[in-house]
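Going down the list, the protein sequences come from chains A and B.
Just so you know, we're using this note's numbering here: the first sequence kicks off at 874 and counts up by one.
Just so you know, we're using this note's numbering here: the second sequence kicks off at 15 and counts up by one.
These are computed hints drawn from the structure, not numbers from a lab.
Bear in mind the structure is a predicted one, so any value in this text is a computation, not a measurement.
A couple of the hints might just be wrong.
[Said to hold, decoys possible] Label-pair distances were calculated between CB atoms; the ranges are:
#: 1; chain 1: B; residue 1: G143; chain 2: A; residue 2: K883; range: 41 to 47 angstroms
#: 2; chain 1: A; residue 1: K883; chain 2: B; residue 2: G146; range: 45 to 51 angstroms
#: 3; chain 1: B; residue 1: Y128; chain 2: A; residue 2: S882; range: 27 to 33 angstroms
#: 4; chain 1: A; residue 1: Q929; chain 2: B; residue 2: Y128; range: 48 to 54 angstroms
#: 5; chain 1: B; residue 1: Y128; chain 2: A; residue 2: G923; range: 33 to 39 angstroms
#: 6; chain 1: A; residue 1: D1013; chain 2: B; residue 2: N114; range: 30 to 36 angstroms
#: 7; chain 1: A; residue 1: L917; chain 2: B; residue 2: I87; range: 44 to 50 angstroms
#: 8; chain 1: A; residue 1: A921; chain 2: B; residue 2: P89; range: 18 to 24 angstroms
#: 9; chain 1: A; residue 1: V900; chain 2: B; residue 2: A34; range: 21 to 27 angstroms
#: 10; chain 1: A; residue 1: T895; chain 2: B; residue 2: S40; range: 24 to 30 angstroms
#: 11; chain 1: A; residue 1: T1000; chain 2: B; residue 2: T44; range: 39 to 45 angstroms
#: 12; chain 1: B; residue 1: T144; chain 2: A; residue 2: T1000; range: 45 to 51 angstroms
[Claimed, not checked] Covered stretches of chain B, as calculated for chain A (at least 3 residues, CB under 8 angstroms):
#: 13; stretch: 51 to 58
#: 14; stretch: 89 to 95
#: 15; stretch: 99 to 112
#: 16; stretch: 116 to 127
#: 17; stretch: 136 to 150
Each residue gets a CB set at the ideal place from its N, CA and C atoms; glycine is no exception.
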Amino acid sequence: MLVAKPILSKTTIWNPTWTNITMGSSVSWGQYTRLGRWIEFTALLNLAAGFSMASQPGLTLPFEAAFVPSAASFEATAVDQGTMVYELGFTNPSTTSAGRLVCWTANATNAVEAAVSNTVPFSWGNTDAVQVIGHYLAKDAV
Amino acid sequence: MSRTALDPVQGLVTWTPTWANVTMGSSTSTGWYVRLAQRWIVFEAVLTTASGFAFTGNPRCNLPVPAHGGWVIGPQFNGKAYSSGGTKCPLFFDQNGDANNAPYPVAMNQTGTYSVWAYVSSTVPFNWGTSGDQLIVHGRYPAASIL
Chain A
874 MLVAKPILSK
884 TTIWNPTWTN
894 ITMGSSVSWG
904 QYTRLGRWIE
914 FTALLNLAAG
924 FSMASQPGLT
934 LPFEAAFVPS
944 AASFEATAVD
954 QGTMVYELGF
964 TNPSTTSAGR
974 LVCWTANATN
984 AVEAAVSNTV
994 PFSWGNTDAV
1004 QVIGHYLAKD
1014 AV
Chain B
15 MSRTALDPVQ
25 GLVTWTPTWA
35 NVTMGSSTST
45 GWYVRLAQRW
55 IVFEAVLTTA
65 SGFAFTGNPR
75 CNLPVPAHGG
85 WVIGPQFNGK
95 AYSSGGTKCP
105 LFFDQNGDAN
115 NAPYPVAMNQ
125 TGTYSVWAYV
135 SSTVPFNWGT
145 SGDQLIVHGR
155 YPAASIL
């Protein structure tokens, strides 16, 4: 009898690690799905009392990548609560384990990257949020 | 084309994208794709400029395998333009490509009230040079056929 081999997939809730951000009471949440070595992930950071943001905040990937993923593998938004949602991205990562957030500046004819900081693209405050999605090939099998 | 076995359901395939409206000169074209669950393709194509490079029009790359249904659409793609001088620009893609080609990449022109498309060309989103500038195309779509 032939038995169809199931696709190896698993979705897991994880706690993303944010770099250059002091969390305070902020809440970090995410989930990732593994399709073999392929990773699809989401990460959410809801800022709250006690947080602080240094320049070039970023995110540690749920698993080390097989090779340095391009910035085009990630998309992000910044939510200025009650006011505006900004399109963000990742700058081209230099490592297989993390990336840094960037926004698009309007100080040029065509949009160009600008590093996110505690005042870019707005002055971050409690209840603001960051959302990131991405996909890449993991270095190691499950 | 080479294939590296990764697990029972997918493999990483390296592939050499072809670029329309580009004089390559000594430029390099590299790419990879994965096939998920037999049907879903995620790929990346990278053009790195070198001596003799020129855009002869609006560039775009082909797809690593034909797309299902005859069309792919802009929101399935995401891109970057990097100059060797450090300028980094997000790229989006116009309304549709076809079964064998990605849509045309566009920068976001910000001279009006709202951002609008500006097709990538020899001067958009910057003056492209012949020493290490990069055009990156990243996309996902269903393949026309399974393996």
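Hints and how they fare:
| no. | hint | in the structure |
| --- | --- | --- |
| 1 | G143(B) to K883(A): 41 to 47 angstroms | holds, 45 angstroms |
| 2 | K883(A) to G146(B): 45 to 51 angstroms | violated, 40 angstroms |
| 3 | Y128(B) to S882(A): 27 to 33 angstroms | violated, 39 angstroms |
| 4 | Q929(A) to Y128(B): 48 to 54 angstroms | violated, 28 angstroms |
| 5 | Y128(B) to G923(A): 33 to 39 angstroms | holds, 37 angstroms |
| 6 | D1013(A) to N114(B): 30 to 36 angstroms | holds, 34 angstroms |
| 7 | L917(A) to I87(B): 44 to 50 angstroms | violated, 27 angstroms |
| 8 | A921(A) to P89(B): 18 to 24 angstroms | violated, 33 angstroms |
| 9 | V900(A) to A34(B): 21 to 27 angstroms | violated, 47 angstroms |
| 10 | T895(A) to S40(B): 24 to 30 angstroms | violated, 48 angstroms |
| 11 | T1000(A) to T44(B): 39 to 45 angstroms | holds, 43 angstroms |
| 12 | T144(B) to T1000(A): 45 to 51 angstroms | holds, 48 angstroms |
| 13 | 51 to 58 | holds (count 3) |
| 14 | 89 to 95 | holds (count 3) |
| 15 | 99 to 112 | holds (count 4) |
| 16 | 116 to 127 | holds (count 5) |
| 17 | 136 to 150 | holds (count 4) |
Hints 2, 3, 4, 7, 8, 9, 10, counting from the list given before, are not met by this structure.
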